[in-house]
Amino acid sequence: MTPRIALAAVAAVALALGAMPGVRAADGGDAVAPERPSVDQTIDRLTTKTRRERQDRAAWTALGDAFMQKARETADLSYYGRAEQAFEQARTLDAGSAEALVGLAWVQSARHEFERSTEWARKALAVDPTSAAAYGLLGDAALELGDYDLAAEHYQKMLDLRPDISAYSRSAHFLFVIGDVRRATWVMDRAIKAGAPYAENTAWCRAQLALMHLATGNLVAAEQIVEQAMARAPSNYHVLFAQGRVRAARANYAGAIDAYRRASAIAPQHEVVVALGRLYAVTDDPKSAEQQWALVETIDRLNKANGVTGDAQLARFLADRERRLPEALAIAEREFKRRPNVFAADALAWAYYKNGRYTDARRLSAKALAHRTPDASFLYHSGMIHARLGDRATAQRHLAQALSLNPAFDPIDAPTAVATLAELGGKAPDEPRP
Amino acid sequence: MGNPLFNEVLVALRDKDNYNRRTPIEDAAFATYARNPEVAVLLNTVFGTSFATANREDLVAVFIPDVLRVNTATGPVQLAGQTGFSRLGFLGGDTTAGVSGGWPNGRRLGDDVVDIALTAVASGPAYSTITVVGDNINANDQVYNQVFPYSATPHAGPTNRKDPQ
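Going down the list, the protein sequences come from chains A and B. Here the first sequence is numbered in the working numbering, starting from 17 and rising by one per residue. Here the second sequence is numbered in the working numbering, starting from 2 and rising by one per residue.
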């Protein structure tokens, strides 16, 4: 499973791990009730129940939901299959069960099969036009497919129907992607205060909020939120990942490596393994870095084995590492064709750049920047592309904007941006344009 | 005038011209505008927030008297475009010897004074929870020079074209 993470610019993962599609708030605030059952307890209870009463449709959908939650918490993608079976079982018992249809849409969304997810969600809405969860999944699909107007419509519908953590957190992510950071952070704060069925859900929102602040250079705010999140959920993958990110931004690389390693031990996901590898690379530990690079490829194979598609992040990884560049380009092209969102556009731009196709790279980079997504790496990529094309003014502007947005956006790329900017600044000025 | 935003944002309309006629030694008369910031009241009214609107000695310390202070005891700070520079100064983790690299400790080209000031209004006087408030403009549209004269090259007036992305 790939988490929803806007900042690492890992493409095509944007909403796969969004908050649960139709959660019921267990409490009104974000206080974690100690008696709240863990997902394992819920799975045990429901497994026993469905064994005894095989006709209990509600129990089957609840079991499917619990398996999906388990997948979120462990990154063990095999739970998608088990969730799918449970939802299918519910649908066999009642073909018109909106919950079962939403569940199936959710499984497909998690696997990045957004067309199929949309089909199921539409079927669910045909049965129950007030299904907020179905609108959420439709919005996720639209967002992934780069149709931001449509995504806005679906999310608004979801908010109108049921303003809960799922609706708020999705809306916050959407606002972030279209560059409205202030409202995005405000809405994510609402998500945190809305309460959640599992502590993990709120911890996830806190981690995302911290990453949003970090993406716009608000390091102290990000640190404070990570601290609050660590106090409540010290062994949550997303919180540990966010902690690693803020520590890396402080150039506390040893501390960041420690946080990433703990996150990776809980759920070895693409983003954390890549982040860890990059830190090993800058701290002069190439052997450990190589281990992470090998792990990235293993994760990719596991994703595919479990039916999870979505390769823009892999394309970007290969392009960054300058490995199998033609393949990286082919992957990125296919990915952008299927899901023309800003993250896929950025990955393709970078793959073009690394393959020496600078004009194509510029075209795609403009698409990545079109929505003013506050991702410094988009601006960095654009700056490097324009520098190569000899457009010094634009290159300088975009590199400066990247550094202004988030001066520590990446341990490898940020210093390159500084060096390139200095180099461009040392050249003779451009001829004045007519 | 020394600090950005004091007269623009904090001083009430009726006193703006009056304030402009005074010298810094008379600024104590305007301390109430820093201590009880109207902008915090407005933000609370519009957005339903609960930012502190009274006893803001943190703002008084910066704005009264309204002169731009700079700590010359530290080494040189980072400039825009250099490693470690943050447009948000201390809020972005940009400190030198524990002192903010930018405004309100002096003022550098590239310091996002609007975001810093509004975030300070929203987060003080305790600063235990930083509430980020800003204008969504996170960079200058022109690049600051790394050498003298440091400020950005002015826009070419005659062409007057919209800046291409």
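If you're looking for bench data, these hints aren't it; they were derived computationally from the structure. Be a bit skeptical, because a hint or two may be false.
Footprint (simulated), chain A over chain B, 3 or more residues, beta carbon under 8 Å [unchecked claim]:
(1) 27-41
(2) 83-95
Calculated Cβ distances over 10 Å to all of chain A for the following chain B residues [stated by the list, open to error]:
(3) Asp59
(4) Thr130
(5) Thr132
(6) Gly135
In this text, a Cβ means the ideal position worked out from N, Cα and C, and glycines have one as well.
Each hint tested on the structure:
1. Note: the region 27-41 of chain B has 0 residues with beta-carbon separation from chain A under 8 Å; the three-residue rule is not met and the coverage is violated.
2. Under the rule that three or more residues need a Cβ within less than 8 Å of chain A, the assignment of the region 83-95 of chain B holds, with 12 such residues.
3. The Cβ of B/Asp59 sits about 15 Å from the closest Cβ of chain A, beyond the 10 Å cut-off, so the non-interface label holds.
4. The claim that B/Thr130 lies off the interface is violated: its Cβ sits roughly 6 Å from the closest Cβ of chain A, which falls inside the 10 Å cut-off.
5. The non-interface label for B/Thr132 is inconsistent with chain A: the shortest C-beta to C-beta separation is roughly 8 Å, within 10 Å.
6. Residue placement check: B/Gly135 does not keep its beta carbon more than 10 Å from all beta carbons of chain A (closest about 6 Å).
Of the hints listed earlier, those the structure fails to meet are numbers 1, 4, 5 and 6, in rising order.
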